[in-house]
Amino acid sequence: SQKIEQNSEALNIQEGKTATLTCNYTNYSPAYLQWYRQDPGRGPVFLLLIRENEKEKRKERLKVTFDTTLKQSLFHITASQPADSATYLCARRFSGGYNKLIFGAGTRLAVHP
Amino acid sequence: DAGVTQSPTHLIKTRGQQVTLRCSPKSGHDTVSWYQQALGQGPQFIFQYYEEEERQRGNFPDRFSGHQFPNYSSELNVNALLLGDSALYLCASSLRGAQPQHFGDGTRLSIL
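In the order they appear, the protein sequences are chains A and B. Numbering-wise (our numbering), the first sequence opens with residue 1 and increments by one. Numbering-wise (our numbering), the second sequence opens with residue 1 and increments by one.
It cannot be assumed that every hint is accurate.
Stated by the list, open to error - Capping the alpha-carbon separation at 27 Å, the derived lysine-lysine pairs in DSSO-like fashion look like this:
(1) A/K71 with A/K17
(2) A/K57 with B/K26
(3) A/K17 with A/K55
(4) A/K71 with A/K59
(5) B/K26 with A/K59
(6) A/K57 with A/K3
Said to hold, decoys possible - Computed, partial: chain A to chain B, Cβ under 10 Å:
(7) S8
(8) Y28
(9) Y32
(10) P44
Simulated from the structure, these hints should not be mistaken for lab results. Please read all numbers here as calculations on a predicted model, not as lab measurements. Using N, Cα and C, we set each Cβ at its ideal position, and we do this for glycine too.
All chains, full assembly: derive it from the sequences and hints.
What follows is the structure, encoded as structure tokens:
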């Protein structure tokens with residue numbers, strides 16, 4: 001089956017450091033992976049999409065990589081701030097049509113001053 | 001430019017009852033997907049509507065049904081509610097199924 005696995009343990013880091021979150025997928029490579037941010041009581045907010053043929057994508061302090069050999073995506077936040085504290089969700093498109101997304105359980109990030 | 005709006009924000013029901021949740025997609029979007037998110041889990045796909053038809057369905061029983069109206073808004077209906085249906089129900093919209101999807105803030109459904 002097509003699954004997304006994210007580290008369920010919370011990630012605690014110091015302000016100013018780089019946060020790195022991991023997303024592993026099973027089965028064959030999806031056409032793309034997406035990363036979303038979710039704050040408590042709110043819906044997910046889209047951050048970045050990386051396609052299978054892209055190794056790396058950047059947006060301001062965010063960077064995403066896609067390694068089809070390792071079946072893994074890494075999500076980096078550089079110069080992290082307390083405002084970056086949230087749950088980060090990784091999602092893959094379900095191979096088989098339309099744009100059904102399969103989400104991981106998310107990793108909670110806490111950035112401490 | 002209004003984003004995805006969902007109503008109500010919170011709802012409390014008892015087992016066996018029926019519930020209807022509503023979603024208005026982001027302006028310009030025509031495709032609506034519904035997701036269920038249990039506490040501490042990622043969203044799980046329920047189904048997707050496009051051109052007023054259910055196009056794809058996740059692994060949810062027939063108690064979950066939906067509808068899309070000509071103005072692209074959508075409803076999610078759940079019959080014979082179970083305690084396990086307690087969750088955050090999210091609506092996401094897009095244009096013709098393109099990525100990314102834009103999510104609303106959800107309806108928090110609690111079953112007593």
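Each hint, compared with the structure:
Taken as a hint, the A/K71 and A/K17 pair is honoured in the structure, with Cα atoms around 26 Å apart against an allowance of 27 Å. At most 27 Å may separate the alpha-carbon atoms for a hinted pair to count; A/K57 and B/K26 meet this at roughly 26 Å. With a C-alpha separation of about 23 Å, the suggested pair A/K17 and A/K55 falls inside the 27 Å cut-off, and the hint holds. Between A/K71 and A/K59 the CA atoms are separated by roughly 22 Å; this keeps the pair inside 27 Å, and the hint holds.
The hinted pair formed by B/K26 and A/K59 meets the criterion: a straight-line CA distance of about 23 Å does not exceed 27 Å. Distance check on the hinted pair: A/K57 and A/K3 sit about 22 Å apart at the alpha-carbon level, within 27 Å; holds. Against a cut-off of 10 Å between C-beta atoms, the interface hint on A/S8 holds, since the closest Cβ of chain B lies about 8 Å away. Annotation: A/Y28 was flagged as interfacial toward chain B, and the flag is violated, the nearest CB pair being 18 Å apart, outside 10 Å.
Below 10 Å, beta-carbon pairs count as interface contacts, and A/Y32 has one with chain B at about 7 Å; its hint therefore holds. Hint status for A/P44 relative to chain B: holds, with the closest Cβ pair at about 5 Å, below 10 Å.
Checked against the numbered hints given earlier, this structure breaks only hint 8.
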